[in-house]
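**Student:** Starting from the known structure of chain A, arrange chain B on it as the hints suggest.
If you're matching them up, the sequences are chains A and B in order.
The working numbering applies: residue 458 is where the first sequence begins, and numbers increase by one.
The working numbering applies: residue 458 is where the second sequence begins, and numbers increase by one.
No lab work stands behind these hints: they were computed from the structure.
Incorrect hints may have been included.
Pairs involving identical chains hold if they fit within one copy or between any two copies, as the list cannot separate such chains.
[Stated by the list, open to error] List time: in silico DSS-like cross-link candidates among lysine-lysine, alpha-carbon distance up to 30 Å: (1) 475 <-> 571; (2) 475 <-> 514; (3) 571 <-> 728; (4) 728 <-> 476; (5) 514 <-> 476; (6) 514 <-> 571; (7) 728 <-> 514; (8) 728 <-> 475.
Protein chains: 2
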Amino acid sequence: MTTTADFSRFSLNTATTKKWTLQEAVEGCVRAGIPSIAPWRDRVAEIGTDSAAALIKDAGLRVSSLCRGGFLTAADVDGQEAALADNRAAIIEAETLGTTELFMVVGGLAPGEKDIVAARGRMTDRLAELVPFAAEHGIRLVLEPLHPMYAADRALISTLGQALDLAAPYPTNVVGVAVDTFHVWWDPQLQEQIMRAGAESRIASYQICDFNMPIAADALLSRGMMGDGVIDFATITAWVREAGYTGDIEVEIFNQAIWDADGNEVLATAKNRYAELVFPHA
Amino acid sequence: MTTTADFSRFSLNTATTKKWTLQEAVEGCVRAGIPSIAPWRDRVAEIGTDSAAALIKDAGLRVSSLCRGGFLTAADVDGQEAALADNRAAIIEAETLGTTELFMVVGGLAPGEKDIVAARGRMTDRLAELVPFAAEHGIRLVLEPLHPMYAADRALISTLGQALDLAAPYPTNVVGVAVDTFHVWWDPQLQEQIMRAGAESRIASYQICDFNMPIAADALLSRGMMGDGVIDFATITAWVREAGYTGDIEVEIFNQAIWDADGNEVLATAKNRYAELVFPHA
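Bound conformation, chain A alone:
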């Protein structure tokens, strides 16, 4: 199957090859014939945003997104100002890197907090404050629903429908949503909300990785290589296609065994699985 696959929409999210520096990831993509990359900010910061932008551009790669902004839910004024400052910096970094898409992991409850309704209110308020700055810089804030197991500590957006509701007041080129198979595969409203996201022109990214069972002891690391878990990539990919998405497809896997493996082998496996499970339906 790999011989007939086309990797023109394949993007490496650098979290997948966590051991690699940005330069190593760029070189890995070039070796593997992968045309697109989604860097994480920590790897960008190591060499500086301008150098990172030049590195990626000189290698002939495009940037599918920057991961990530967010964590908007601080309860105290200092925390809120710090969050806004960090997100404004991320917007500038995204612009410098030449991508329009900035992933937003919106944050969870404040330490010790139990009032999820209030926390969601702060998330909504901070988003409203960031939107004008993002718009000025031509950046789209990509709201990412995370699996509900991360609601307390990472993201109070748990479903695609909720992300779309939150995005609704804003222009489609300033606030979008992500479809990440790991986070949304279980949602009984998934097909309906993917179609809605398409109809509302909100799909800013399609990220793929599997949901491994049993859940890893560190719940954050249950993301798996496509095909290793329970996700039906054919069906979800077809829904995303039917919803009109034609952009890059990012492979983003947090998994200790994959992090421990050789990055080139990880890319080779990811390409094979993409060719087999995703490309025919995309």
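**Tutor:** Chain B alone, transformed into the frame defined by chain A:
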């Protein structure tokens, strides 16, 4: 606070005191002044349903529910017939025990399966087949949405809204839904769906336990004592009250440290936390 609390709606789900036999749990409830119990079938089976019914009745306790039927999603005919037979047995057991409420953990994907849409279809079909038998015996099948982290292996019902949609074709005294704080606290539609459940007369049980962070290495054991995790019991309990629910409130906790503790101390702590966090809002 405990001095003013009323425990007339407090029910011990026997999973909370996992080490105890049914007789020990009944005796523990009597000692603690707990009027209601929700036995698991394995502890009932150890002494036989008739003996269990007599034991509970003689102790002056009522049975708030039987846990549990379900696991309806087998893909093969033998598995489907076995599931129906087991659920019919559970219905008879519930009737014998003198409860009208049989919890249903509906089951996940079949082994190796990835087609969640097909699996949900089998769940729907098996439920339809069970409803007449439940109705004949005066038993309500209580559809329990489980946290999405259990979608693959335990329950393809992940939200209260989905459970209500599934229940909709059936009489309210034959198919109901459960609100278990652990499973639903994260749901952005929670208030709306609890109100809907009340308006549709479907709330068959309110179960309480906390969502502990970080998630336990065995994800099934992240249930915590009320107050130890991130859940806002005041708000959710008030919603359940506003929705019109006046039945028993079951404490159901799967947690290794709680299982390792002395059962009497667990009940004492649960009563204190109930008095502090739940009773004032119920």
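**Student:** All the hints need checking, so say for each whether the structure fits it.
**Tutor:** Outcome of the hint check:
In this assembly of identical chains, residue 475 and residue 571 lie within 30 Å of each other by CA distance solely across copies; the values are 28 Å between and 33 Å within a copy. In the homo-oligomer, the alpha carbons of residue 475 and residue 514 lie at most 30 Å apart inside one protomer (21 Å), although the nearest pairing across protomers, at 60 Å, exceeds that limit. In the homo-oligomer, the alpha carbons of residue 571 and residue 728 lie at most 30 Å apart only across protomers (20 Å), although the nearest pairing inside one protomer, at 42 Å, exceeds that limit. Proximity of residue 728 to residue 476 under the C-alpha cut-off of 30 Å is restricted to the intra-copy arrangement: shortest distance 19 Å within a copy versus 49 Å between copies.
With identical chains, the CA atoms of residue 514 and residue 476 are at most 30 Å apart within one copy only, with a shortest distance of 22 Å there and 62 Å across copies. For a Cα distance limit of 30 Å, the shortest separation of residue 514 from residue 571 qualifies neither inside one copy, at 45 Å, nor across copies, at 39 Å. For the homomeric pair residue 728 and residue 514, the shortest alpha-carbon distance inside one copy (22 Å) is at most 30 Å, but the shortest distance between copies (63 Å) is not. Taking CA atoms no more than 30 Å apart as the test, residue 728 paired with residue 475 passes inside one copy only; the shortest distance there is 17 Å, against 47 Å between copies.
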